[in-house]
Amino acid sequence: MSAAAEILVPGKAGEGEALVLTAPISFWGGVDPKTGRIADVRHPQHGEVIAGRVLFLPGTIGSSSASAVLMELVHNGRAPAALVLHEPDAILLLGLIVAREMGWETPMAVRLGRDQFDDYRGRGVNIGTDGSISLHAGSWSGTA
Amino acid sequence: MSLALSPEEQAIAAGRDGAGMAMRIVTESARLLGAPRLIPIASTHIDGALYHGDSGTLFAERLVEGGAKVAVRSTLNVGALDLMGCSRIRLEEPQRGMARRMMEAYRKLGCEQSWTCAPYQAGHRPALGSDVAWGESNAVVFCNSVLGARTNRYGDFLDIACAIVGRAPDYGLHRPENRRAQLVFDVSGLSSSFLASEIAWPVLGSLYGREVGNAIGVVTGISSHPGEDALKAFGAAAASSGAVGLFHIAGVTPEAPDVETILAGPEPESAIRVTPEMAARARAGLSTAAATKTIDAVAIGSPHLSHAEFESLERLIAGRRLTVPIYACTGRHALALLERDGRRKRLEASGVIIVADTCVVVTPIMPDLGNGVLMTNSGKFAHYAPGNTGYAVLYASLADCVESAVLGRPVFTDIAA
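Taken in sequence, the protein lines are chains A and X.
For the first sequence, the working numbering assigns the number 1 to the initial residue and increments by one for each residue that follows.
For the second sequence, the working numbering assigns the number 1001 to the initial residue and increments by one for each residue that follows.
No incorrect hints appear here.
Which chain A residues stay away from chain X? Per the calculated CB distances, all over 12 Å, these: (1) SER2; (2) ALA4; (3) GLU15; (4) VAL20; (5) ALA51; (6) GLY113; (7) ASP115; (8) THR129; (9) SER132; (10) SER134; (11) LEU135.
No farther apart than 20 Å at their CA atoms in a straight line, the calculated lysine to any residue pairs in the SDA-like style are these: (12) LYS34/A with ARG1096/X; (13) LYS1069/X with MET102/A; (14) LYS34/A with GLN1095/X; (15) LYS34/A with GLY1390/X; (16) LYS1069/X with GLU101/A; (17) LYS34/A with PRO1364/X; (18) LYS34/A with ASP1054/X; (19) LYS34/A with PRO1094/X; (20) LYS12/A with LEU1032/X; (21) LYS34/A with GLU1092/X.
Listed below are several chain A residues computed to face chain X (Cβ distance under 8 Å; list not exhaustive): (22) LEU8; (23) GLY30; (24) VAL41; (25) VAL98.
Quick caveat, the hints were computed from the structure, so don't treat them as lab data.
Bear in mind that the values here come from a model prediction, so they are computed numbers and not experimental data.
Yeah, the Cβ is synthetic: ideal placement off N, Cα and C, and Gly gets one too.
If we strip away everything but chain A, and leave its shape as in the complex, we get:
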């Protein structure tokens, strides 16, 4: 399984276990900026940790501070390994744009239709700097 995705924000290549969210999330109030843990008790993936994962986002909701939370995750080394978005979210991705201005290393953000998310669920995923999305051979046992 592989796909060529549109690059939304360039960054470093990433690999990690796919975390496919099944509901939109508000980063502010929904994700702990220190740990990357999903803190929203109403979210179906409550308790999962996004740090080091290839995060598939069907959508985002809520606070306009999502960018601040994502930038703080980058600064704390707890960002996802890459972000895969159904559609560009200017509020969230601003966290990556500003982190790049600050000279910090940021993960890639790419665009992929959410109907394709299920192909990657729980698998090891590579995101290339060219926007390519590919599966690891076998099941994910990486250390990313």
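Chain A is fixed; fit chain X onto it per the hints.
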């Protein structure tokens, strides 16, 4: 569509100073959004001065070091500290120092020290049809919907970047054709007693946000203007449960004198007919606490309380002593009035803890109980308190919140939808 920049904009973006950094952030966002150009803006409301971690402080200080200043009127949303000294913030060093440095950096950038999430009740009311760049989801939705000024949902950092360059990407809700309603949210099936109650607005806002997501809807079935504080509560709840940036209410909000005028086509793409059962489920969904005999605190004021809401609070307390504290969050604009008329002293004597410049879900104020129960009349507090404070939430009207705070146990008045 590619972004066309004027020679002046290009020259600013090439700069190594703070304005250059701000312009690059604005233009990168514009490219991401597919905006063809930048447009001038009349004002900004900046949500970026709330401390979430050191990165935001370092960013603001980088702008200050680069000599940046805001080019248009810019009010500030809440910070992480109560600079007025009304409440004790449990933020420890070194975070406390970093939060203070952040607030100081935004002051140096030329922003007004408003420190409120309700700037529209603190004298910042842009004109109908004007383009502005506002952050803070409830302020955005109020600005668009109730004032009829035009803003997208500006995220942290883009708001200050737009303020510094005085421009914003031309896309989304800045364009009149994108402000029309696609769907109808009909509340005429609900009882008039429910619609006249205070809880109707946060409950319906929460339902609206979940049902419409980021689409634009027009609410029908409202016979008279419910008042600005009700619209404030509706928008805040809708922007918490969904990605709502603009709503219309037929016959109430300025761009919707009637349904026909504001609909994008002759017929809506969809119509949501709200039933009493839907409203009851939405109301129940605002609470997360299991059945409980006691509560630990009440929190009100998200968005920040207006002077009129403080009058209601004092009337409901009626001089009684509270068993558990009511945290009443507000801005310094309302605080000044409370001090002038002696109300602050009276409320504090009853056991109200006034929180100024900030609020209980953005910075640690309430005791860390582990399994505390919080009662609130705010749809926004109900949404965010569990994740941000660890308190389970009970949602109720202001009157029930006050009775519960007096008795120390939850009291609910039944209001059938």
